[in-house]
Amino acid sequence: MGTTASQLRKDLLSEYQELTFLTKQEILLAHKRFSELLSKEDRNLTRVPMEKVLSLTELKSNPFRKRICHVFSTSDMKDGSLTFEDFLDLLSAFSDSATLEIKSHYAFRIFDFDDDGTLDGGDLEKLVNCLTGETDDTRLTPEEMRQLISNILEESDIDKDGTVNLSEFQHVISRSPDFVSSFKIVL
Amino acid sequence: MEVVGEEDGDTEGKRKNGHSKKEEKKEDNERGEKVQKKKKNKRIETSSEQESSEEVEDEVEEEGEEKPEVLSPEELEKLKEAVDERKKRISTLRGKPWPMRKKLLTLRESHEFVEKYEGALGKGKSRKLYAYKVMMLKKWMKFQRDFENFKTACVPWEMKIKEIESHFGSSVASYFIFLRWMYGINMILFGLTFGLVMVPEALMGRPYGSMPRKTVPRAEEANAMDFAVLWDFGGYAQYSVLFYGYYNSQRAIGWLKFRMPLSYFLVGVGTVAYSYMVVIRTMARNANEDGGGDDNSFNFSWKMFTSWDYLIGNPETADNKFASITTSFKEAILEEQESRKDDNIHLTRFLRVLANFLVLCCLAGSGYLIYFVVRRSQKFALEGLESHSWWERNEVNMVMSLLGMFCPMLFDVISALENYHPRIALQWQLGRIFALFLGNLYTFIIALMDEINLKREEEEVLKLNMTIWEASLYNGTLGANSTAPPITVHPADIPRGPCWETMVGQEFVRLIVSDTMTTYITLLIGDFLRAVLVRFLNYCWCWDLEAGFPSYSEFDVSGNVLGLIFNQGMIWMGAFYAPCLPALNVLRLHVSMYLQCWAVMCCNVPQERVFKASGSNNFYMAMLLVILFLSTLPAIYTIVTIPPSFDCGPFSGKSRMFDVIQETLESDFPAWFGKMFSYASNPGLVLPFLLLMVLAIYYLQSTSKSYKQANLELKKKLQTGPTADLHAAEQNEENKKKKKMAALKAAMDLEEAQNARSEAPRQQRNNNASQQSYRDRGEKKGGEHRAHQGKSNHQIPPSATRPPAPRGHGLPGPLPGNQRQPAPSVQRVPNSQRH
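Chains P and U, in that order, are what the protein sequence lines are.
Going by full-length UniProt numbering, the first sequence opens with residue 1, and the numbers climb by one from there.
Going by full-length UniProt numbering, the second sequence opens with residue 1, and the numbers climb by one from there.
Everything labelled a hint here was simulated from the structure, so no lab data went into it.
Be aware that a few hints might be false.
Claimed, not checked - Counterexamples of contact, computed for chain U against chain P with all Cβ distances above 10 Å:
(1) I90
(2) P200
(3) N248
(4) V272
(5) T282
(6) F305
(7) D309
(8) N356
(9) G431
(10) L630
(11) I661
(12) P670
Stated by the list, open to error - No more than 35 Å apart at the CA atoms, straight line, and that leaves these computed lysine-lysine pairs for DSBU-like:
(13) U:K96 to U:K78
(14) P:K10 to U:K162
(15) P:K184 to U:K96
(16) P:K184 to U:K133
(17) P:K126 to U:K717
(18) P:K160 to U:K716
(19) U:K717 to P:K66
(20) U:K716 to P:K52
Yeah, the Cβ is synthetic: ideal placement off N, Cα and C, and Gly gets one too.
Based on the provided sequences and hints, a complete structural model is requested.
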């Protein structure tokens with residue numbers, strides 16, 4: 001249907017297979033889906049703007065979709081647009097065979113809303129608000145929010161500096177039995 | 001990000017080193033062997049400019065791929081290390097959280113390096129071999145990768161499961177993944193039984209009708225082809241490769257000399273062994289990934305960081321998930337806040353005891369019911385099955401299936417009395433259903449045992465009758481002395497023993513079939529019909545059917561998983577006596593997959609309370625293991641204790657089924673093998689071996705306990721934080737310093753004492769005082785030890801202003817020692833050093 005997108009070169013394909021956790025079919029499928037996102041006018045563009053990426057069914061209902069785009073985007077303008085390689089990075093980190101280290105590393109960056117390298121109270125509050133949905137009746141009261149954040153910091157903040165850094169985060173996540181199976185996106 | 005920055009610097013440094021190692025220097029033709037080519041010698045420099053190395057690289061590339069002839073061993077070693085390091089980097093690239101561009105660059109650079117210098121590593125004659133090895137290795141890796149791709153492509157139903165995941169989340173999808181895994185196991189079992197038991201007998205064994213055991217008896221011939229009889233697995237179905245009784249006990253059949261009885265026995269043992277291996281391997285893998293689940297230490301953090309299911313792609317499901325996450329947050333906060341209100345703990349306890357009592361009554365009642373029904377069916381069988389209605393003929397199976405359907409609902413109602421937390425209630429529910437199924441199964445088996453005994457008595461009687469019958473055959477045709485021509489009797493007319501093994505096989509097959517039918521009908525009525533009614537009657541009903549009473553059903557993950565596990569248990573139990581069971585199960589699972597996938601997408605709604613069923617993954621595996629063990633017990637018991645029927649099956653004529661092994665050892669293996677085996681099975685050898693294993697288990701148990709202890713301690717250390725460690729370290733340092741001070745003081749005192757003979761006592765006192773003050777100042781500070789040093793260094797100048805001249809040979813003392821330490825530039829270290 002329509003013009004076929006440019007084919008993926010064979011040597012690139014084998015390199016991508018070595019560098020990601022995806023199989024050949026998954027990479028080809030990703031290429032197909034990515035090409036569909038590029039509309040006809042910007043055929044020669046290599047970057048897909050964030051809105052188009054967010055229209056993918058797998059990301060549409062995800063409360064962290066914007067953060068995901070920002071984290072994997074390598075654009076200089078920080079606008080969350082993705083090239084095909086960024087897209088592959090995304091799928092590789094969220095794939096079934098990715099290691100716990102990769103997943104926890106990217107999860108940390110996704111949850112770090114202000115990109116300062118630690119999860120402080122503000123990040124955690126935004127995180128909770130994302131998780132409880134957008135409507136008002138599902139949000140937590142400020143009192144509950146405060147209680148929740150203090151509980152979380154008590155559990156995870158080992159050096160008691162008021163923030164959760166990457167190694168503390170990875171320590172918490174590595175004990176969880178559900179993380180690897182829920183942190184998955186499959187095309 | 002700091003982390004990425006660090007790694008950037010790391011690779012930069014590594015890249016520099018790599019380039020340095022790539023430096024080559026042209027050499028003159030000193031060696032003299034190859035005059036035409038220019039020889040280059042590798043000179044490994046530890047530091048070089050990147051530009052010069054690039055220049056050299058260009059030169060190298062211009063001259064083409066020339067490999068130097070001679071390399072000194074250390075250089076060879078270093079080169080090998082470099083190449084290995086590059087290879088390792090290539091293999092770990094995909095696990096690095098870098099952007100793709102960077103990974104691609106590193107990959108290409110490393111590949112270039114490896115390709116260029118790999119060939120140089122082999123020298124002389126072995127170079128060709130080395131190059132060959134390298135090429136084979138590359139091909140092998142490519143093959144492995146393609147094979148992995150192929151394997152993933154082969155996995156069936158991937159799209160279906162992905163759709164279900166996106167609509168219902170991972171807990172419902174976990175049931176289907178479990179189903180698919182079971183399907184894989186059953187395929188292998190099917191392959192074993194079909195390929196090694198059914199096909200050889202069908203192709204190479206005696207054909208139908210050539211032996212009594214392979215022919216439908218004359219009495220049953222009339223209706224052997226009726227559908228009703230076939231559905232019941234009688235008639236032609238009974239006298240076929242599907243059941244035990246058809247197989248001939250001839251030791252070797254066909255031109256391949258296929259050992260049929262041996263194969264039958266070994267396949268039976270092999271299916272069980274394979275199942276054990278697979279289940280335990282999966283359990284071990286799950287246990288590894290679990291990481292020893294700490295259920296309550298990170299409650300809130302896990303809820304925060306891991307509760308969102310990224311597979312969800314459906315807005316409705318997402319809304320549900322939001323609601324459930326919010327509820328779980330609020331609940332957890334409440335639980336944390338409020339103290340346990342034990343307002344009426346006695347009432348709660350009483351209610352719980354009452355509930356358990358009721359459940360026990362239920363279980364006992366269902367067990368008795370099954371026993372009663374099986375006895376009745378035996379009575380019916382004696383009277384002849386035709387005189388009874390369909391219900392009475394299939395009573396046992398229907399009763400078992402119905403019990404399996406209604407009792408869990410009853411348990412659910414009873415558990416409302418107990419007032420447990422939902423997750424605990426779910427565990428109790430699962431435990432009770434498990435006990436129910438187990439009880440039913442074992443009652444069924446006991447009843448079956450009774451029937452077996454009955455049949456064996458019948459067999460004895462028949463054996464006696466056989467001799468009489470044979471005599472009566474010859475009676476009419478023989479003269480007294482003449483040798484009689486062998487009388488040909490049609491196999492269908494020969495009286496048969498009641499083959500108890502086939503009877504057992506038939507019972508299991510009927511049970512499975514009726515169970516399957518019940519499941520499908522429940523699915524259609526309970527889920528589909530209900531959904532249709534709710535959907536269409538809603539227009540003309542008083543209250544909202546969709547939100548109110550019936551509404552759409554949710555997918556019951558645990559109930560379905562338990563059903564699957566128990567079905568598999570029945571397969572394991574009956575597979576020895578009915579080789580067709582794995583084939584039947586494969587068919588059943590195949591149909592189940594499609595039917596349930598359709599039903600779930602069409603009639604079910606996502607669950608409201610979403611439990612993390614992932615922790616129960618190992619729970620289900622553990623149940624499967626228990627069922628496997630319990631279901632192989634009866635089969636093993638019957639094999640070992642009950643003698644096989646005399647006229648049917650591959651073991652007919654032997655006194656015990658496992659005699660076939662003995663026979664094989666004697667006739668097919670050389671004599672020394674048999675002797676060795678008999679030595680190995682000597683109790684004198686087996687008992688010490690068992691004892692050794694018990695000791696090994698005890699030892700492993702105690703080491704694992706000590707590891708757990710060590711783990712806990714480390715965890716505690718981590719929890720109380722580096723502050724405690726630091727305090728301990730400071731304490732240590734202080735102690736050390738004190739000791740050092742004391743020692744130095746002692747030495748100095750000695751010096752003083754020596755000098756005091758030629759020195760003024762005033763100076764001595766001065767020095768003592770200054771040292772005292774120094775020591776006091778040093779010890780008073782409880783800060784970091786570096787600051788300690790810094791402080792002491794600050795204090796040095798005032799106390800160093802001692803009268804210098806008389807101390808000609810210069811008091812070595814503590815202070816010059818301190819002065820000489822390289823720490824003077826270390827000032828007070830800020831608090832943030834720990835970050």
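Against the structure, the hints come out as follows:
1. Not every CB of chain P is more than 10 Å from the CB of I90 of chain U (nearest about 7 Å), against its label as outside the interface.
2. Every Cβ of chain P is farther than 10 Å from the Cβ of P200 of chain U; the closest lies at roughly 39 Å, confirming the non-interface assignment.
3. No Cβ of chain P comes within 10 Å of the Cβ of N248 of chain U; the nearest lies about 49 Å off, and the non-interface call holds.
4. For V272 of chain U, the requirement that its beta carbon stay farther than 10 Å from each beta carbon of chain P is met, with the minimum near 30 Å.
5. Its beta-carbon lying about 15 Å from the closest one in chain P, T282 of chain U satisfies the requirement of being farther than 10 Å from that chain.
6. The claim that F305 of chain U is not at the interface with chain P is violated, since a C-beta of that chain comes within 10 Å of its own (minimum 6 Å).
7. Separation of D309 of chain U from chain P is inadequate, the least Cβ-Cβ distance of about 5 Å not exceeding the 10 Å criterion.
8. Every beta carbon of chain P lies more than 10 Å from that of N356 of chain U, the smallest distance being close to 29 Å; the non-interface claim holds.
9. The Cβ of G431 of chain U lies farther than 10 Å from every Cβ of chain P, with a closest approach of about 21 Å, so its non-interface assignment holds.
10. Non-interface status of L630 of chain U relative to chain P is upheld: no Cβ of that chain comes within 10 Å, the nearest being about 27 Å off.
11. Every Cβ of chain P is farther than 10 Å from the Cβ of I661 of chain U; the closest lies at roughly 44 Å, confirming the non-interface assignment.
12. At roughly 49 Å, the least C-beta separation between P670 of chain U and chain P is larger than 10 Å, which holds for a residue marked as non-interface.
13. Annotation: proposed proximity of K96 of chain U to K78 of chain U holds, straight-line Cα distance about 26 Å (limit 35 Å).
14. For the suggested pair K10 of chain P and K162 of chain U, the alpha carbons sit about 28 Å apart, so the restraint of at most 35 Å is met.
15. Distance hint between K184 of chain P and K96 of chain U is fulfilled; the C-alpha atoms sit about 18 Å from each other, no more than 35 Å.
16. Our distance criterion of 35 Å between C-alpha atoms is broken by K184 of chain P and K133 of chain U, whose separation comes to about 39 Å.
17. Taken as a hint, the K126 of chain P and K717 of chain U pair is honoured in the structure, with Cα atoms around 31 Å apart against an allowance of 35 Å.
18. Under the criterion of a C-alpha separation no larger than 35 Å, the hint pairing K160 of chain P with K716 of chain U is consistent with the structure, at around 15 Å.
19. Taking the CA atoms of K717 of chain U and K66 of chain P, the gap is near 38 Å; set against the 35 Å cutoff, the hint is violated.
20. Between K716 of chain U and K52 of chain P the CA atoms are separated by roughly 48 Å; this puts the pair beyond 35 Å, and the hint is violated.
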